[in-house]
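Sequences listed follow chains A and B, in order.
Under our numbering, the first residue of the first sequence carries the number 27, and numbering increases by one thereafter.
Under our numbering, the first residue of the second sequence carries the number 893, and numbering increases by one thereafter.
Since the hints were made in silico from the structure, they are not lab data.
No false leads were mixed into what you were given.
Pairs of lysine-lysine, DSS-like flavour, derived with a Cα cap of 30 Å:
hint	chain 1	residue 1	chain 2	residue 2
1	A	K101	A	K301
2	A	K246	B	K1136
3	A	K246	B	K1125
Here are some chain A residues the structure puts well away from chain B; computed CB gaps all over 10 Å:
hint	residue
4	G100
5	G381
6	A395
7	E506
8	W656
C-beta atoms are modelled at their ideal positions from N, C-alpha and C, and glycine is treated no differently.
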Amino acid sequence: MTRKVLTEAQQGFTFTRRALFIGGAQMGIGAVLAGRMAWLAIAENAHYSDLAESNRVQSILVPPRRGWIVDRSGKPIAVNRPDLRVDLIPDRVKDADALIATLRAILDLPEDEVERIHEDLAKAAGYRPVQVASNLDWDRYAAVNLRLADLPGVAPSRGFARHYPTGPAVGHLVGYVGAASAEDYEREKNPLLITPGFRIGKEGLEKTMDATLRGRAGAKRTEVTARGRLVRELTMRPEVPGKYLHLTVDAGLQDYAARRLGDQSGSVVVIDVAKGDMLAMASMPCYDPNSFSAGISHSEWNMLSADDHLPLVNKTLQGLYPPGSTVKPMNALALLEAGVDPNETVSCTGAYRVGAGTFHCWSRRGHGAINMSRAIAQSCDIYFYTMMRKLGIERLAAMARRLGLGEKYPLPVVSQRFGTVPDAAWKEQKYKKAWTVADTVNTSIGQGYMLTNPLQLAVMAARIASGRKIEPRLIHEPNEAVPPAMDVDPEHLALVREAMSAVVNGGGTAAVARLQVPGVLLAGKTGSAQVRRISMADRLAGRAKALGDSGEWRLRDHGHFICFAPADTPRYAAAVTLEHAGHGAEAAAVARDIMTYLFDQPRAMRTLEANEEKWGGGIMARMAAKSTRWRAAQAANAAPTAPTPIGQTPPAPPPGPATDTAAEIPPSPDVPR
Amino acid sequence: MSRQTLIPSALARLPWRMLLLVLLIGGFGLVVLYSAAGGSMRPWALSQGVKLIAFMFGAVILSHIGEARLRQAALPAYAMILVSLLAVELLGGIAGGSQRWLDLGFVRLQPSELMKPAIVLAVARFYDMLPSGEVRRWSAIWPAALLIAVPAFLVMLQPDLGTALMITAGGLTVMFLAGLPLRLFVGGGLALGALAPLAYFFVLRDYQRNRVLIFLDPESDPLGAGYHISQSKIAIGSGGIFGKGFLQGTQSHLDYLPEGQTDFVFATMAEEWGLMGGLLLIVAFILLCQWGLGVSRRANTRFARLTAAGLSTTIFFYVMINLMMVMGLAPVVGIPLPLVSFGGSAVMTVMLCLGLLMAIDREADRGGRRYRG
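Chain A extracted, bound-state conformation (with noise of 0.2 Å):
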């Protein structure tokens, strides 16, 4: 390599041409800066404006107010109460121990409430909120506001928490309320619904119908700094409440109904046969919904599930039983209808050969010669086993289904198990059997294969009474349509509704629910459900298995009663059916209280006043006792019992009807929800 040597001159003239080289780099540079921030400042403008501004302006949700739930009249069944309360948002949350434990001194909390938190924490996520109390008085709500620079992660706010005035009473009617769920977010991804006490719909009417009652979320725009204090308040949209729901229920007639079924498992549907408006939907025993809306404790729910009178489960939907002997009214119009005489005679001996196989009447003794009115009123048997075994399941079947038997309402519910109205293609279907007498038989009186829900029952008493085909309707609406007539002879009907009031007031089986109310006759129909092996409790119970020893009870029978009054011009129609009752009997005497409630509300509450002193208090003062004594019987270390009925000492079983077909009963098909 041949080295250039430089000159001072040339060296001069190197560095004149760097520094120009230099000076000329500088000015690109400056001037690709400049493009640069031209490039941030307009042509990127106006998406760092949304960001200056997403960084500037935190929108708080204001949670709409839920609509209220009321009655036919007016009468508020869920409301809102003003509510101080106090969540945990986990992400922003520390040292979780740390923060309960102190909380927890703060807030005075039970132990079992601490579990829960912690136990809720652990499973939560994100900016879902986990309840730490909710209804504090201001004290205490004030005690955590003023700690709360040292209390990362806590959110105390004020709001409002759904209440229902009667509690257990309408517990099943209206569901509850509950925090969302990571499902309901990921479903919804609405904002609103990881906002601190805010609740949606979880069961019921309330989940049902969420979208109503829900209203809209309004939004309070604040300026803040980036450590979050608040600069000032921008601009504010109010919220929407959420619209009233208008039920067709009587909010009176359900808590009289809740309060008359006592102690007893069962439950009660009232409808109003102009229209089909349904006045009480009851099913008792029953959580109280606002344990819900608060958040219910570990021991309460614990509590609940292992109740053997299954408090969860709304049994005027979904409790399936054999209807018994409700169904003879059914029976008889299908036979007026096949032109069978109303006059014509069966001699009932007490017993009745199928085969090889002997089917007997309740009444051992047997009510000899009987007709058809005679044969409703004592309830016979074997009229009904000679007469519908020559009448076929086909037509049984037929009328069941016009009555409404099987069949699933057009209501908003969360879910409806149906039952099932048997014939021979469902048996060939279901077991790949063909439909034998025998079947018939056991079909004649209810058992068997039928399974019906209370309220199907009640739309049969109701179908009956009125002649027209009656659907069901929670929600009030202005339409004034009478439902159309059904296609059954009024004549057969009108028959048949003398033997009803013949039940009641002419001897029959049922005169226990004659009304003390002057001029107002109820008809109804007694029914006997066998439980067998199968019952609704074991068939659910199988996560409750706390049956123990208390198998009597579960053996009995269950008892039902359909009605409708007055008996001439029918208003009102009503099923009662309690579980392992024994017999129909006790199901009438509630379902005589209720329907004098609807015509002497005086004397219906003297009578349930007289009750209720026996039982030992209203429906809360009852369960406030059950539940302490569940957490005395938990504290003491005893394996959990069922807890048992209070006061009341099960009395012998009456002598239930038919029991010798008991190897005929196949059993108890599942069914469809």
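Please arrange chain B on chain A, whose structure you already have, making use of the hints.
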């Protein structure tokens, strides 16, 4: 000169156009600091104004140093600063952590700041001493390279990547202007490109590596370490063409923009004054640097020319690195915007550079336009 009759010649001879540019930039900076404090002279604007004026006086006084004295002082000053850099490194090692200053009792001296002009003087002095025939030899390269590498390495250890880069860039600029073969710079640039990944893995500290990663993908961590760049871009981008108006910036006033009065002061300014304010500052800085290059062209000696060009490039690097960082074109390296950012050291360094430039300018005026061939 006719003006001599009206004002003292000492004043009249000052480069007023340059000083007015400095006052414009510094004054605008005070306005921005006033706003950054939420419309208050405290805690920044007042203190910064005092520093600006004081250091400006210092620069004017410094401009009376003769070139000969400067030439003599260049290498001894460099050596002294190098020793203090070592001292900082040792003390820092004892204190356990990154310490960048020496506490002399009355002032906290940050040697790495002083090294920025000193490296220019030292390298310029080296090429001044080098006979012109030697420029293309190996012996023209390695001493200069060593002069640069030692302080750059020490500053890197502090660790202060931004300052190390500036020291290296200032020294290299002087080497470039001294007339070293062009292929050295082209080849060096290519080698650097190849070595960068190695440096990334073996030289940079974790947090510096993180900054580089975030620079490459700022959205990867918008709330963590990428927060600075993201918020700065939001401030500049949301300012638009004319800005949100004086005292109306939300990013700075609501504390979303971190370091809004120091390293990210340009973003604070841009949010309220928009593209117009940005262009004003960029143009003013370019004019300032062009004045420095002009001084270098007018200078009489090789030392003076190399020094003047090197110093003005140092000022330029300050501005360039800061603006690139603020606009998301470079990783966050912690270089303030000279004359605008709050803080004394940067003002001191820039005023030192300007004072030296004025001294060279004065010499050139006195000596007249002559070229020593």
